Structure formats: C-alpha cells, structure tokens
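*Asks:* Turn these sequences into a full structure, and let the hints guide you.
Each number in the numbering used here corresponds to the 1-based position in the sequence shown with 92 added.
Hints were generated in silico from the structure; no laboratory data involved.
A quick note: this is a predicted structure, and the numbers were derived from the prediction, not measured.
Among the clues, some could well be false.
Pairwise CB distance ranges (calculated) [said to hold, decoys possible]: (1) F498 / S279: 55 to 63 angstroms; (2) K464 / A313: 42 to 50 angstroms; (3) V488 / D274: 16 to 24 angstroms; (4) K489 / N287: 57 to 65 angstroms.
Restricting the straight-line Cα-Cα distance to at most 16 angstroms, the calculated cross-link-like pairs of lysine to aspartate or glutamate (EDC-like) are [stated by the list, open to error]: (5) K404 / D274; (6) K100 / D454; (7) K421 / D447; (8) K477 / E394; (9) K192 / E151.
All C-beta atoms, glycine included, are put in the ideal place defined by N, C-alpha and C.
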Amino acid sequence: MSKCGSNKQNEGAPVASVTVAVRAGPRFESEAGVAHALKNFAFRSTKDRSALRIVRETELNGGVLSASLSREHLLLTAEFLKGDEAHFIELLANVVGNGKYCRHEFNEDVIPSMVADSEQASQDPVALGMDALFSYAYRSRGVGSSLFASPSSPVTVEAVRAYAAQAMNKSNLAIVSSGLSDATLRSLVSKHFENVPAGSALKAAPSKYYGGDCRAAMTDAHGHGLPVDHFFLAFEGASRVNAAPLFVLESLLGGNSSVKWSAGLSPLSQITGAKAHAFNISLQDTGLFGIHVIAPSAKVSEAAKAASQTLKAAADSVSSEDVARAVAKAKFLAAQDFEGTRALSHETIATGLLDDSSASLDSVLDKFESIKAADVSSAAQTLLKSKPSSVALGDVKQLPYADELF
Numbered sequence: 093m094s095k096c097g098s099n100k101q102n103e104g105a106p107v108a109s110v111t112v113a114v115r116a117g118p119r120f121e122s123e124a125g126v127a128h129a130l131k132n133f134a135f136r137s138t139k140d141r142s143a144l145r146i147v148r149e150t151e152l153n154g155g156v157l158s159a160s161l162s163r164e165h166l167l168l169t170a171e172f173l174k175g176d177e178a179h180f181i182e183l184l185a186n187v188v189g190n191g192k193y194c195r196h197e198f199n200e201d202v203i204p205s206m207v208a209d210s211e212q213a214s215q216d217p218v219a220l221g222m223d224a225l226f227s228y229a230y231r232s233r234g235v236g237s238s239l240f241a242s243p244s245s246p247v248t249v250e251a252v253r254a255y256a257a258q259a260m261n262k263s264n265l266a267i268v269s270s271g272l273s274d275a276t277l278r279s280l281v282s283k284h285f286e287n288v289p290a291g292s293a294l295k296a297a298p299s300k301y302y303g304g305d306c307r308a309a310m311t312d313a314h315g316h317g318l319p320v321d322h323f324f325l326a327f328e329g330a331s332r333v334n335a336a337p338l339f340v341l342e343s344l345l346g347g348n349s350s351v352k353w354s355a356g357l358s359p360l361s362q363i364t365g366a367k368a369h370a371f372n373i374s375l376q377d378t379g380l381f382g383i384h385v386i387a388p389s390a391k392v393s394e395a396a397k398a399a400s401q402t403l404k405a406a407a408d409s410v411s412s413e414d415v416a417r418a419v420a421k422a423k424f425l426a427a428q429d430f431e432g433t434r435a436l437s438h439e440t441i442a443t444g445l446l447d448d449s450s451a452s453l454d455s456v457l458d459k460f461e462s463i464k465a466a467d468v469s470s471a472a473q474t475l476l477k478s479k480p481s482s483v484a485l486g487d488v489k490q491l492p493y494a495d496e497l498f
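*Replies:* Next comes the structure, spelled out in structure tokens:
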C-alpha cells in the first residue's frame, strides 16, 4: 500500500484536501525540463477520462485541482467538500496511474503553459534568483536542475512519457490529506490506488555543492530598470535531518518582521536603506543557507556587506537570550509547516514519508529545545567554510561580487 499521512488540524473542517506527492522533481529528471512538463501534464486526459471530463466532474462537485513542483517533488492536489473524497481520491489515482500523455495535448496545451510559466518566472526576481542560485551552486545537476524547461533543451512528449513511467508508481509516492481521518484516507487509498503500477523509488546521485556566481541585468516587463535590485548570497547548508541549528540561525538573523508596523529587532532588520532576510532551504542530503538583499542599485553593496557581517558575527558568538528568542520563532515556523496551510503541510508530511524519516511535530520541537548558543555559532562557522554562491539581478555594474563582502 502507498504511504499515507495526514494533517490532523483540519479534521473538523467542511473542506478536505488530498495531495499525492511524487518523487519526480527536477532532481530526479531523466532529461532537462521533463519534470516541468510532467507537472503541466497534470489533470489532462487519462485512459479512462478525457481532460474535459476531468474538468466538468470537478466543477460539478465544486472541487479545485492543482499541481506544483519543488526541487524534489511533484505535488498533485485535490480540494473538495467532505463527502466527495471517494470521487477525488479515485480521480487522483486515475491521473497518477493512467495518464495518456497525448501528443496533441502536449503541443497545444502543455508547451504553451510551460512557456507562460518560464516567462512569468523571468519577471519575478525572487523566483528567478532562487532558481539561478541553485543552478550555479550545484552546476545545474541534481537539485541544481531548473524548475523550468529551457528553449535551449527542448522537451519531447516521448521523454515525458518515459519519465512518467519511471516516476508514477506506488513506491515513489506518498498521499497526504487534510480534513479526513487516517482510517478514511487509508481505506480509500487502498481501494483506488490498487491499480497504480508497482515499481521502484527513483534514486538520484548524491548532491555535490560547488558554489558560483551569477550576474544578470534585469528590467521590468516594459524594459525599464527595476526600482530595486536583488542580491542573493548563499552557502552550503545541511540536509533536512541535520538542519535544526540552521533554522534557528535563520530565525536569529531574521529580517522578516513579526509585527506589521515594526522592522523588528533582529540583526538583518537593522540594516538601513534596504530589506534583507535570511533563508534556509534544506533538502534530502544538502541545502542552501543564505541572505536575500533588496535595495536600490547604489545601496546594494553597502547593505550586502552589512548583511554578511551579521553572519560573521553569529559565527563568532551569539547570546543565550538571542538564541532563546530564535528557538521560539523556529518552533513557531515548524508548527506552521506541519499544521498550517494545506500546500505547505502536505509537502512537509509527504517528504518525511518518502524519505522514511517521518517525525512528529513534537519530536521536531524537541530538537529545537536542545539547541544551545554554541550549536548556532558552530553552524554559522561551518557555512562560512564553504565557497559562497551569489546571484545579482538588476544593474549589475553597481552590484557586488561575493568575494567583496568578506
């Protein structure tokens, strides 16, 4: 039987949702861009249903279908009123196990939607910057593979079919629900996913971090200069199971205010003339920890230097009081991941199931409780030993290089 889990928070809600998480992100793709294409093929024709029938049945039942892609997972989600769970779980099983991947749908629907995704991302500095950051840090291999297909590496429908045949099997997916009891979910999954093909979980080569710099002149959709430029600075982080000290460090450096009308008291929030915040992205066997700086072109270098100094200062020492505050914030964010919005909690729970590292929220919070000031400083020191990666977007003549910041 497929692996199942649930977000217990919403069992009393009138709306339920189910997500099938497939280990089919760009990290595992057989050819560049096929993960993006597979995502955009979601909810199109199957061997039992036309795409039109899927749409009409969903509309008649008042449901919503969506697909999203992360570096490691493809997420197929159905949201619906309670009472319709049998229909939508059967539909998800049909989409996963019986996709037709028709050539005419690929040419007429999938390719145009992929182009639209890429064009939209090209005008979003955050999406573009984070994608480039992973690409340069890992040299476009494994987790460094782009979330978006590129015109320079055209995707064929045959490649998508081959990737789907490898990925869409019981051993390579997990099913997570909100608003349904465990018993209901397992009963319906056992019934409807019975005919999903058996197979092996996809494997990827171990991640290798290289570090690197990307600099790209960027304008808005009308060809004008951006009102603010973006600079991303990152270092090799840690895998999910070892990332607790880095999540605390992320909260300690901060930058995102907890109160609407206050910048906050974290080190990054004190940088004047710019916005800066820390981020930590942990994957199965690696991760990126970094700082994102947003400022007018002339201010970016100064702000980036100030931001890098906050990381160096944390590597030297941090106070127990600051760590206690950061631990509290990290615990809150972890609780949000487990029991907050459906999309986020579903991927968090499914990731543990697929990695065979399922952990309860209580065990995650216990990890944070055990972290001391020395652990946070040690984590920062380890970061600074790796080669930095950076992405500069905007007026690159005025933007810094990573080696100018330390």
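*Asks:* Which of the listed hints are broken here?
*Replies:* 3, 5, 7, 8 and 9
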